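Participant: Residue numbers (this note's numbering), protein chains in the order written: chain R, 486 to 810; chain X, 486 to 810.
No lab work stands behind these hints: they were computed from the structure.
Warning: the hint list may mix true and false statements.
Pairs count within a copy or across copies, as identical chains cannot be separated in the list.
Said to hold, decoys possible - Here are the computed lysine-lysine pairs in the DSSO-like style, where the Cα-Cα straight-line distance is at most 30 Å: (1) Lys524 x Lys556; (2) Lys706 x Lys524; (3) Lys735 x Lys780; (4) Lys724 x Lys518; (5) Lys556 x Lys735; (6) Lys590 x Lys785; (7) Lys623 x Lys735; (8) Lys724 x Lys590; (9) Lys780 x Lys590; (10) Lys623 x Lys787; (11) Lys761 x Lys524; (12) Lys590 x Lys556; (13) Lys771 x Lys556; (14) Lys735 x Lys777; (15) Lys785 x Lys623; (16) Lys780 x Lys524; (17) Lys518 x Lys493; (18) Lys771 x Lys785.
As the structure is a computational prediction, the values presented were derived from the model and not from experiment.
There are 2 protein chains.
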Amino acid sequence: MNTQSEMKPYVIGLDLGGTNSVFGIVDSRGEIKATTAIKTQGFDTVDDYVDASVNALQVIIEQVGGIDNIKAMGIGAPNGNYYNGTIEFAPNLSWGHDGVVPLAKMFSDRLGIPVALTNDANAAAIGEMTYGVARGMKNFIMITLGTGVGSGIVINGQLVYGCDGFAGELGHVIMRRTNGRPCGCGRFGCLETYCSATGVARSARELIDTTDTPSLLREMKAEDITSLDVSIAANKGDKLALEVYEFTGKMLGEACADFAAFSSPEAFIFFGGLTKAGDLIMDPIKKSYNEKVLKIFQGKAKFLISGLDGSAAAVLGASAIGWEI
Amino acid sequence: MNTQSEMKPYVIGLDLGGTNSVFGIVDSRGEIKATTAIKTQGFDTVDDYVDASVNALQVIIEQVGGIDNIKAMGIGAPNGNYYNGTIEFAPNLSWGHDGVVPLAKMFSDRLGIPVALTNDANAAAIGEMTYGVARGMKNFIMITLGTGVGSGIVINGQLVYGCDGFAGELGHVIMRRTNGRPCGCGRFGCLETYCSATGVARSARELIDTTDTPSLLREMKAEDITSLDVSIAANKGDKLALEVYEFTGKMLGEACADFAAFSSPEAFIFFGGLTKAGDLIMDPIKKSYNEKVLKIFQGKAKFLISGLDGSAAAVLGASAIGWEI
């Protein structure tokens, strides 16, 4: 620990998701000392979003003794550019889908501390590598299953940022080249359109429309069905909900088979709401992967669920960048 | 240069392709001092292949003053495992598709020098990084278009080997999940079944069968058409041959769009017979890529043809591993 971080014992981590923005103030041992959250959407401009964030942050900053105790801030955000501190053309953000948002600089100007930013899934991967099931792994792929599908890729022990800071957008590989579902990115058939929370809900609605499979979900209004409803139904043994997990897991397994051809990771680590389904989703993923993957990769990769609770991995990962500024 | 390599001024490089095996004896400045070649196929066992190789090598080894002048040998081979020196389940090798071949040890035992081995496309990438258009690049993907489709991926200046030494098999990502062409790997719809030399010839035969497009190729027996015939016809402006290049380039561009989502490379570098078509293949690749890729990647990546002639890149790349043993 250097003198500066001894003098300023905390960093702020921000897990900026498509639905919620979760803030944590973290000490150098990875303990979250204070936390708060706001909704990510519903702001007309990025200035409004930053205003609301800073207002929420002031409360927890005071809880740890004020801004003088904070060394820096790290942000994990969709389409976050590690090299420039910007969010660029983020399809799922109402205030960020249409251009380049210098979010790191905006927070830095408001808070008076250095701010760094990376892809939200990269931040989760850093958190997993530091505190979770990826400790000691040199080659793994983290796949985040939330409002969207994100990824953080680690090769030879390093996060993959690519030439421009945007590598690791595996939610946007194309899984259906004909009749693919429309994606927030403006294209069709992306992995995310099937395997995100909204993709799972949509799969349920499609099965309700196109099959006679009995289901508790038929009692709901179709447009109200969420991935949580599918999860609750599946845990009760609901046949249609289980078919949704089979379909989702099969597609994730097929996608991972292609990813293996790229970087042959030791493990695929899944993170996010969908993983709460446990074996109901992990078994179809593993089965499909080992059926579809190139023979030389069969049976090699581990399929793991994140070892860190809830958004802790992403907040801790984001905060970890703060220490490195 | 260390004392040992000064005492032994040469290394052997072997570019082991699906069709030809090209040997070169290379000095420390990357000059090929002597070269020979044998056919890769047509041997019942790997012992017969190694016998024929060693017989051919003896001649050029004598040309440089005998085996005492050779420090080591490097091999670039399909499904080559860098970590173990083995070829494993190589679908395109008659003597290697069914198990694990300890080729590095076999050559080492016969020649009495150290032997290392990697994926043939990885070797080409190392050659390109050392002597070709990828000099100074930290993030690029080399795609080899030969009997098969191979790849060598460089991220943060390092070859990507993955957890088991087999990363970078991009010829086997699935481009058609329904009605895909059968692949030598036992699966269906691999990129290689469309964009390899045999894939191109097959595309020509399919267009002859399914369209009325006039073509010089209709004068040939369908089963005799090779990718070289398609190339010759295309250069004469043959409409059907040009359609084959459009189709092939479009699929390569779509595949590269998915690869960008993985590692966001600075450049895609193409190597092998198909690149002789120049703009006829490169223009459709670029067009399709920029239409299909995620918005944040549009217009960023370079599309280059290897700067090294013929098999020189692969032989030099393979030999370069020899210096590192």
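Participant: Next, verify each hint and record whether it holds.
Facilitator: Outcome of the hint check:
1. Lys524 x Lys556: within (25 Å within a copy, 64 Å between copies)
2. Lys706 x Lys524: within (25 Å within a copy, 66 Å between copies)
3. Lys735 x Lys780: both (18 Å within a copy, 27 Å between copies)
4. Lys724 x Lys518: neither (43 Å within a copy, 69 Å between copies)
5. Lys556 x Lys735: For Lys556 and Lys735, the Cα distance exceeds 30 Å both inside one copy (44 Å) and across copies (49 Å).
6. Lys590 x Lys785: Between. Shortest inter-copy distance 24 Å satisfies the 30 Å Cα cut-off; intra-copy 43 Å does not.
7. Lys623 x Lys735: This pair counts as within: shortest intra-copy Cα distance 26 Å, inter-copy 35 Å.
8. Lys724 x Lys590: neither (50 Å within a copy, 54 Å between copies)
9. Lys780 x Lys590: Intra 48 Å, inter 23 Å, cutoff 30 Å: inter-copy only.
10. Lys623 x Lys787: Both, since 13 Å and 29 Å are each at most 30 Å.
11. Lys761 x Lys524: within (22 Å within a copy, 54 Å between copies)
12. Lys590 x Lys556: This pair counts as within: shortest intra-copy Cα distance 15 Å, inter-copy 54 Å.
13. Lys771 x Lys556: neither (42 Å within a copy, 45 Å between copies)
14. Lys735 x Lys777: Intra 10 Å, inter 24 Å, cutoff 30 Å: intra and inter.
15. Lys785 x Lys623: Answer is both; intra-copy 15 Å and inter-copy 28 Å each pass.
16. Lys780 x Lys524: For Lys780 and Lys524, the Cα distance is within 30 Å only across copies (26 Å; inside one copy 45 Å).
17. Lys518 x Lys493: Within one copy only: 14 Å inside a chain, 62 Å across chains, cut-off 30 Å.
18. Lys771 x Lys785: Only inside one copy: Lys771 and Lys785 sit 11 Å apart there, 35 Å across copies, limit 30 Å.
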